[in-house]
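From first to last, the protein sequence lines stand for chains P and E.
If you're matching positions, the first sequence starts at 4 in our numbering and goes up one per residue.
If you're matching positions, the second sequence starts at 10 in our numbering and goes up one per residue.
Just so you know, the hints here were simulated from the structure itself, not pulled from any lab data.
Heads up, some of the hints might be wrong.
Claimed, not checked - With a straight-line Cα cutoff of 27 Å, these simulated DSS-like cross-link-like pairs (lysine-lysine) come out:
| id | chain 1 | residue 1 | chain 2 | residue 2 |
| --- | --- | --- | --- | --- |
| 1 | E | Lys51 | P | Lys162 |
| 2 | E | Lys51 | E | Lys75 |
| 3 | P | Lys112 | E | Lys21 |
| 4 | P | Lys144 | P | Lys112 |
| 5 | E | Lys21 | P | Lys162 |
| 6 | E | Lys51 | P | Lys112 |
| 7 | E | Lys21 | E | Lys75 |
| 8 | P | Lys162 | P | Lys144 |
| 9 | E | Lys21 | E | Lys51 |
| 10 | E | Lys75 | P | Lys162 |
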Amino acid sequence: MRFGIVVFPGSNCERDCYHVVDAVLDSPVRYLWHADADLSGVDCVILPGGFSYGDYLRPGAIARFARIMRAVEEHAARGGLVLGICNGFQILLEAGLLPGAMLRNRSLKFQCQDVFVRVETADTAFTSMCRPGQILRLPIKHGDGNYHADPRDLAARAKVVFRYCDADGRVVPEANPNGSMDGIAGLANLAGNVVGLMPHPEVCAEPELGGTDGLVLLASALRYWEER
Amino acid sequence: MRWEARVLVRLKAGVLDPQGAATRSALESLGFSGVEEVRVGKLVELAFQAPNREEAELRLAQMCHKLLANPVIEVFEYALDAGREGSGCGLA
Numbered sequence: 004m005r006f007g008i009v010v011f012p013g014s015n016c017e018r019d020c021y022h023v024v025d026a027v028l029d030s031p032v033r034y035l036w037h038a039d040a041d042l043s044g045v046d047c048v049i050l051p052g053g054f055s056y057g058d059y060l061r062p063g064a065i066a067r068f069a070r071i072m073r074a075v076e077e078h079a080a081r082g083g084l085v086l087g088i089c090n091g092f093q094i095l096l097e098a099g100l101l102p103g104a105m106l107r108n109r110s111l112k113f114q115c116q117d118v119f120v121r122v123e124t125a126d127t128a129f130t131s132m133c134r135p136g137q138i139l140r141l142p143i144k145h146g147d148g149n150y151h152a153d154p155r156d157l158a159a160r161a162k163v164v165f166r167y168c169d170a171d172g173r174v175v176p177e178a179n180p181n182g183s184m185d186g187i188a189g190l191a192n193l194a195g196n197v198v199g200l201m202p203h204p205e206v207c208a209e210p211e212l213g214g215t216d217g218l219v220l221l222a223s224a225l226r227y228w229e230e231r
Numbered sequence: 010m011r012w013e014a015r016v017l018v019r020l021k022a023g024v025l026d027p028q029g030a031a032t033r034s035a036l037e038s039l040g041f042s043g044v045e046e047v048r049v050g051k052l053v054e055l056a057f058q059a060p061n062r063e064e065a066e067l068r069l070a071q072m073c074h075k076l077l078a079n080p081v082i083e084v085f086e087y088a089l090d091a092g093r094e095g096s097g098c099g100l101a
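From just these sequences and the hints, can you work out the full model?
The structure is reproduced here in structure tokens:
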């Protein structure tokens, strides 16, 4: 499976994503430029974290109109894999590939810490190797992760993949770092090929970096692709 | 013809506004007691060309729907005026 990582002006996690796919997953990977017209034949698109276009207007609001996003939307519609991490998740929301929107963190603080998330479904490309209820420890670093959606729109168009929880897997307010509705940390479309999440699995995939819980997302994608 | 618009983008009623809540409590701490609610929105000023008011209004509404406001969390309203050629946004 070939991975492509989209670089927008203001992306800042693209190298971490590249490194993990290349060195840890040992899979072919390339950068894709926001102004590209096509995806150069990649099978899995990663929209990395950062502050595309300075987060001006709203995070992701301008990036979602970048030229490459039309190709990403077509790729998603064909069942191609798409993973949006942090700002990448915000871009997926703005693009309407996933429902809802992000508000400022309830605390108004930029949150940079490890969190626990509970895997709510293994029925997505990026959690196929997880079991429901599994707890992952992943880092977050964001100021706008306070997810909001119309509950009916959410239920009609997506499934919740990750919820912020405590170390025992309980979804409680104290474990919610940003005020996100129902503790939502990540979503998938109903087909499960498009996933967005606020935590950063790419910087949590090697023991040297303090944890390996993030690797399961990309390993799942590999297996999902091989077994499709 | 030049048109000038002010677009006011606000969070929908019922959507939590962390900035507004923090601003409210800052006002309280400055001694402004009795401030019951603060909501923080955005003002977008723009100047653009369109042949007539009908076309200007249509394009402005499209700009709001497509980019300036996110309908999931925000509502918008605007004021549209015929502008003076060669001026800035003319809204100061």
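How the hints compare with the structure:
Proximity of Lys51 of chain E to Lys162 of chain P is assessed by CA-CA distance (about 31 Å); at most 27 Å being required, the pair is judged violated. Proximity of Lys51 of chain E to Lys75 of chain E is assessed by CA-CA distance (about 16 Å); at most 27 Å being required, the pair is judged to hold. In summary, the hint linking Lys112 of chain P to Lys21 of chain E is supported, as the alpha carbons are separated by about 22 Å, within the 27 Å threshold. For a cut-off of 27 Å, the pair hint linking Lys144 of chain P to Lys112 of chain P stands: about 10 Å separates their Cα positions.
Only pairs whose Cα atoms come within 27 Å are accepted, and Lys21 of chain E paired with Lys162 of chain P is accepted, the gap being roughly 24 Å. Restraint check for Lys51 of chain E and Lys112 of chain P: satisfied, since their Cα atoms lie roughly 20 Å apart, inside the 27 Å limit. Pair hint Lys21 of chain E plus Lys75 of chain E holds up; C-alpha atoms about 17 Å apart against a cutoff of 27 Å. Between Lys162 of chain P and Lys144 of chain P, the direct Cα distance comes to roughly 23 Å. Compliance with the 27 Å bound is thereby established for this hinted pair.
The suggested pairing of Lys21 of chain E with Lys51 of chain E holds, with an alpha-carbon distance near 12 Å, which does not exceed 27 Å. Under the criterion of a C-alpha separation no larger than 27 Å, the hint pairing Lys75 of chain E with Lys162 of chain P is consistent with the structure, at around 25 Å.
Taken one by one, the earlier hints fail for this structure only at number 1.
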